[in-house]
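Once you have looked at the hints, place chain B on chain A.
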Amino acid sequence: MKVLIPGGLRSYTERSEVEASGATLGAVLAELERLYPGIRFRVIDEQDQIRRHIRIFVNGAQLRDLAQPLKASDELVIVQALSGG
Amino acid sequence: MAVKKRKAASRKAPSAPRAKSSRKQSLLVATRKGAWIYHGDAARKTWRVDGPHFLGHVVSQLMLDPRDGRTLLAAAKTGHLGPTVFRSLDRGRSWKEAARPPAFAKAPEGEKGRSVDHTFWLTPGHRDEPGVWYAGTSPQGLFRSGDGGVSWEPFSPVNDDAEYRKWMGTVQDGTPDGPKLHSIIVDPRNPAHLYFAMSGGGVHESTDRGRSFKPILQGLEVVEGFDRSDPSFHDPHCVRLCPSNPDRLYQQNHCGIYRLDAPSREWVRIGRSMPKRVGDIGFPLVVHPRNDGTAWVFPMDGTTVWPRTSPEGKPAVYATRNGGKTWQRLDAGLPEKQAWWTVKRQAMTADAGDPVGLYFGTTSGELWSSCDEGRRWSCLARHLPEIYAVEAVEFP
Numbered sequence: 001m002k003v004l005i006p007g008g009l010r011s012y013t014e015r016s017e018v019e020a021s022g023a024t025l026g027a028v029l030a031e032l033e034r035l036y037p038g039i040r041f042r043v044i045d046e047q048d049q050i051r052r053h054i055r056i057f058v059n060g061a062q063l064r065d066l067a068q069p070l071k072a073s074d075e076l077v078i079v080q081a082l083s084g085g
Numbered sequence: 001m002a003v004k005k006r007k008a009a010s011r012k013a014p015s016a017p018r019a020k021s022s023r024k025q026s027l028l029v030a031t032r033k034g035a036w037i038y039h040g041d042a043a044r045k046t047w048r049v050d051g052p053h054f055l056g057h058v059v060s061q062l063m064l065d066p067r068d069g070r071t072l073l074a075a076a077k078t079g080h081l082g083p084t085v086f087r088s089l090d091r092g093r094s095w096k097e098a099a100r101p102p103a104f105a106k107a108p109e110g111e112k113g114r115s116v117d118h119t120f121w122l123t124p125g126h127r128d129e130p131g132v133w134y135a136g137t138s139p140q141g142l143f144r145s146g147d148g149g150v151s152w153e154p155f156s157p158v159n160d161d162a163e164y165r166k167w168m169g170t171v172q173d174g175t176p177d178g179p180k181l182h183s184i185i186v187d188p189r190n191p192a193h194l195y196f197a198m199s200g201g202g203v204h205e206s207t208d209r210g211r212s213f214k215p216i217l218q219g220l221e222v223v224e225g226f227d228r229s230d231p232s233f234h235d236p237h238c239v240r241l242c243p244s245n246p247d248r249l250y251q252q253n254h255c256g257i258y259r260l261d262a263p264s265r266e267w268v269r270i271g272r273s274m275p276k277r278v279g280d281i282g283f284p285l286v287v288h289p290r291n292d293g294t295a296w297v298f299p300m301d302g303t304t305v306w307p308r309t310s311p312e313g314k315p316a317v318y319a320t321r322n323g324g325k326t327w328q329r330l331d332a333g334l335p336e337k338q339a340w341w342t343v344k345r346q347a348m349t350a351d352a353g354d355p356v357g358l359y360f361g362t363t364s365g366e367l368w369s370s371c372d373e374g375r376r377w378s379c380l381a382r383h384l385p386e387i388y389a390v391e392a393v394e395f396p
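The listed protein sequences derive, respectively, from chains A and B. Per the numbering used here, the first sequence starts with residue 1, numbered consecutively. Per the numbering used here, the second sequence starts with residue 1, numbered consecutively.
Just so you know, these hints were derived from the structure itself, not from any lab. Be careful, since some hints might not be right.
Claimed, not checked - Which residues of chain B face chain A? A partial, calculated answer using Cβ under 10 Å:
#1 Gly51
#2 Pro52
#3 Gly56
#4 Lys77
#5 Thr78
#6 Gly79
#7 His80
#8 Leu81
#9 Arg93
#10 Glu97
#11 Arg100
#12 Lys106
#13 Ala107
#14 Gly110
#15 Gly113
#16 Val116
All residues carry an ideal CB built from backbone N, CA and C; glycine is no exception.
Isolated chain A, as found in the complex (with noise of 0.2 Å):
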């Protein structure tokens, strides 16, 4: 699927879009993880959770939770909360 990455994390990527495939978000963060080594864990800390200033979306839709199903034809995109001055 389609996966569209903040500027914040294109240091890893190169891209502003990348393709990463898997059943869930979860199986699809640890494929970004295996092509992009360290992209991980600056979105998800180590008690899985995504995190506080790090939103994640597909389709237009919130997601909160990595067990989250996902299909070949979505498009997540991670983006990093607007907030502060």
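Then chain B, alone, in the frame of chain A:
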């Protein structure tokens, strides 16, 4: 937790190196928005800047491995992304991320685990243990790497011990930037002899390579009304071991300046002899590389709501030359008034020169230096982001 009886370190301390005039100093500067390296000439008068590195990253510390003179580790994160450690094997020309940065153990199903917000402190291991590094984090945790910082393992006897977890408290028990595990010290005579401090939780010592730790609290004061026998209420800001006499520790604490001379386990408050209008509250403390009677502090305003600024807006370093019996104000060259910055616990350091060079970075992004042990100060750089840490190093 299991606590073993303290065994006095018996090996003689190595003599601290004395910098020759031809040896060049460099300064590793970690800031809220990246890291810079300043390379000085032999006279420590002119400096060439290299940076920024990791622009936009919150860099808590940048540290050289003195055992090889080329490996640098940087503890970094961004406002959004999780924490990591970057490594350079060529003095900062190129960087690679650690394969497994410091991270707490995953909690058992149904229990709430902790996650590292940022790595705060980095300490290279003993000279006889190449590749060993220690790290302290926020929330408070102790970590070790045996492969030069590529992968990090949590110290379960501290991070997962019920008593230590109680003393550490929660993130809510710490300051707004989060409670820090800091001041990780390796005895230069004995790699099994370790110290660390927690900004909420006291000072701790191990003589068995970290398998067990024991608090050292005697003599330390706490905020009025709290129980000084409970490590939870102790707030060490910075602990330093004297390279010329590893039995001597100095400590800048939330409640004063202290000295400890092992085998005694009692801290002596030496800040009482500071001027009353200045007080003995601050964050950094620096020791002389060859003289265990000499130390420098940078007092701050710790009254009322804790402004954490220079007292009365008049910044000054204070030095003792006699183990804390007396203190001398050293402010020549520093702003005389209306300077409301201060210096964080990792942001003041000494080189090994003769006379010793001193350096500090301010919360307002200025880097100050003195080539004569603090008698005269000059501003080395301005307009940097808030400075978190400064280390003086010598690249071979």
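Hint-by-hint comparison with the structure:
1. The interface hint given for B:Gly51 is violated, since its Cβ lies 17 Å from the closest Cβ of chain A, which is over the 10 Å cut-off.
2. With its C-beta approaching chain A no nearer than about 14 Å, B:Pro52 sits outside the 10 Å limit, and its interface hint is violated.
3. Because the closest C-beta pair between B:Gly56 and chain A is about 8 Å apart, less than 10 Å, the hint holds.
4. Taken as an interface hint, B:Lys77 checks out: its beta carbon lies about 8 Å from the nearest beta carbon of chain A, inside 10 Å.
5. Against a cut-off of 10 Å between C-beta atoms, the interface hint on B:Thr78 holds, since the closest Cβ of chain A lies about 6 Å away.
6. Nearest Cβ of chain A to the Cβ of B:Gly79: about 7 Å, under the 10 Å cut. The hint holds.
7. With 10 Å as the threshold, the beta carbon of B:His80 comes within range of chain A, its nearest partner Cβ sitting at about 4 Å, so the hint holds.
8. For B:Leu81, the interface hint holds, the least distance from its beta-carbon to any beta-carbon of chain A being 4 Å, beneath 10 Å.
9. The beta carbon of B:Arg93 comes no nearer than 17 Å to any beta carbon in chain A, farther than 10 Å, and the hint placing it at the interface is violated.
10. Residue-level restraint check for B:Glu97 holds (minimum Cβ-Cβ distance to chain A is 5 Å; threshold 10 Å).
11. This hint holds: B:Arg100 has a C-beta 8 Å from the nearest C-beta of chain A, less than the 10 Å allowed.
12. Annotation: interface hint on B:Lys106 holds; nearest CB of chain A at approximately 6 Å, less than 10 Å.
13. Look at B:Ala107: its Cβ gets to within about 6 Å of chain A, closer than 10 Å, so that hint holds up.
14. Because the smallest distance between the Cβ of B:Gly110 and any Cβ of chain A comes to about 12 Å, over 10 Å, the interface hint for this residue is violated.
15. Hint status for B:Gly113: holds, given a least beta-carbon distance of 4 Å to chain A, under 10 Å.
16. For B:Val116, the suggested interface contact is upheld, since its CB lies about 7 Å from the closest CB of chain A, less than 10 Å.
The structure fails to meet hints 1, 2, 9 and 14 from the earlier list, while all remaining hints are met.
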